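Enquirer: Chain by chain, the residues run as shown.
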Amino acid sequence: METYLLQIFNGISVSSILMLAALGLAVTFGLMKIINMAHGELIMTGAYATYIIQGVFKPLDGSAVFGLYFILAIPGAFLITAAVGYLLEISVIKRLYGRPLDSLLATWGVSLVLQQLARSIFGAPNVDVKSPAWLNGGLVLTEGLQLPYKRLFIIFLAALCILGVYWFLYRTAWGRRIRAVMQNRSMAQSLGINTRMIDSITFALGSGLAGVAGCALTLLGSIGPTLGTGYIVDTFMVVVLGGAGSIIGTVAGAGSIGIGNTAFEFLTNASLGKVIVFLVVIMFLQWKPQGFFTISSRALDE
Amino acid sequence: MKNNIIRKWKKAFVGTISAAVAVSMLLTGCGGGAAGGEQQSSSTPAQGGAASADTIKVGILHSLSGTMAISEVSVKDAEMMAIEEINAAGGVLGKKIEPVIEDGASDWPTFAEKAKKLLQNDKVATVFGCWTSASRKAVLPVFEENNGLLWYPVQYEGMESSPNIFYSGAAPNQQIVPAVEWLLQNKGKKFFLLGSDYVFPRTANKIIKAQLEAMGGELVAEEYTPLGHTDYSTIVNKIKSAKPDVVFNTLNGDSNVAFFKQLKDAGITAGDLTTLSVSVAEEEIRGIGADNIQGHLVSWNYYQTTDTPENKEFVEKYKAKYGADRVTDDPIEAAYIQVYLWAEAVKKAGSTDIEKVKEAAKGLEFKAPEGLVKIEGENQHLWKPVRIGEVQSDGLIKEIWSTGEAVRPDPYLKTYDWAKGLSNE
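Heads up: the sequence lines are chains S and P, in that order.
Residue numbering for the first sequence follows this note's numbering, beginning at 1 and increasing consecutively.
Residue numbering for the second sequence follows this note's numbering, beginning at 1 and increasing consecutively.
Hints are not guaranteed to be accurate.
Facing chain P, from chain S, some residues (calculated, C-beta under 8 Å) [unchecked claim]: (1) Q7; (2) L220; (3) S222; (4) G230; (5) T268; (6) A270.
Below, in silico cross-link-like pairs of lysine-lysine (DSSO-like), each with a Cα-Cα straight-line distance of 27 Å or less [claimed, not checked]: (7) S:K58 - P:K190; (8) P:K187 - S:K58; (9) P:K362 - P:K374; (10) P:K187 - P:K209; (11) P:K57 - P:K348; (12) P:K321 - P:K398; (13) P:K116 - P:K96; (14) S:K130 - P:K319; (15) S:K130 - P:K95; (16) P:K414 - P:K398; (17) P:K57 - P:K414; (18) P:K356 - P:K190.
No lab work stands behind these hints: they were computed from the structure.
Just so you know, these numbers come straight off a predicted model, no measurement behind them.
Cβ coordinates follow ideal geometry from the N, Cα and C atoms, glycine included.
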């Protein structure tokens, strides 16, 4: 019984990680229609940003204050990665709007450059980010059932990010402008919205969210230059399955892939579990190519 | 305006061309150029083209980019250090060794292509290289066709003995088999096998299963995850419900970090569960974080803490050259000594001719940091001591058991009755 309860928790936990990783892509790919192959490397940037911030706090290691670095690292990773995303947008992406194949190749190139850059700056071996002490251990429910604090924290962080993005897109003036531009660019333009600036800001926002995901990943695994490559396929799958352009779709997509992955991995094994999930996703997309949730708008109808 | 645009285009065009030329120069001349650069920075300034007449070219073929770079860069560093030391001591046969570095880029066809380039274009006397078994299998036909010589520094699954390869890492009977035996005697009978899904873990586990059957062990589960897998919560849950005495870990690369971090988060420490890893050394522990893997076991032939005078000197030199924060480990040491072994064989043969070097290498002994090693002529593997160690809180490994003397290499496990039928598959 405990085994199954723990497995359900694992499913939710994996979903929350996927959700965090895919949320940025839901903005850049879902809203802006940029096939950003460098999304994984933006996640990596966030992870290394966390590593740098930890380095700044190193002199305090051992004291109680050290553990707080992680709270600072989350907005820090967001800002640093958003800045990288902003630079990427104004230097490369802005020249490639409406040319999906070119942007795919260009961002693929960018991803290789970023990987090698990380390797040159931080060295080829993986680096270790020390998790803050207050996240070690877990919530012991029964003797065999222990929920790691880190996983609970990631679930909480994912929920917070979803709410934050939702609030930003649907409750603020900036969010309204972003949605206006993405849904009908020329109309938005003629109403006096600076669409060029909106593009940059939206891409920076998506990148920043990838950075937060990278920050969260430091709790679970290793930080290396190729960190992002493992997530790129899964995140695209989440966004496509959920329905491009829909935040709630991303939640649903991440949930079904995450829970599906862990359930099938538990019943079979890791490789076969993944194959089964991908098969199910492909079959589902045959039946409903738009994914779980579709947004009807003139711009998407084109 | 129009002129301006044309000028801009011209500029861009010229820029692209020069960039392309630079890139192609980098690609083709990378090896010699980069190597020359490093040489220059140390002591011996290269003297342009004329230098090549009185040098012996050797190839270094490792992944300097891609997913395997994490491990292979330090191995390359160790080989470069050995070459520099030999050169500083006068070189071999009165000539300096000139390394030609190629990047296998963690891509097996690239390894084969670069091996061909080293053998056919650079005509190197020997190559030091590879890490994964997949890359070794990819270059093996190239070395056999061109009659080249490869020195391979990493422990592996055995069942191979090419006349064109010297294996300076452990054969299974020098790492896996004694580890399983030790675990059965000291830790319990119920084994959980966990590995990455490719040739080394699968072959290693085939050996372990045969051994468990013969020695009264029990296999409770066998699990494989794809290379680069990062979520081990489900596997940890399976381990919890299977309740094994021992988890025998053949995971490779980044997966180890995720596995050990998540094992600890699930509330399982080395006190609750014994794990023994064969692909986690000091270098990997740095990425995992010592506090996550503290108390867990590993099996190798060499540790940074190995207590020999040769090792003390080796660790000091390595740290002095590459930084005090760097660590040495088994593959690094194997990579370092294999350069010396080759140089000794060349000196003994009086030539770099491959047949003569191979003949001279037979029975060659060398005082390595791990202890006295010897080349076994029959299968071109090394006699090596076996050591089981426990990870300490500082990230180093403390030896808790060792064979003391070097163990004869037996890649096909011919001397074990239970292993019959494994090798001819």
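Enquirer: Enumerate the violated hints, using their earlier numbering and listing them in ascending order.
Expert: 5, 7, 8, 15, 16, 17, 18
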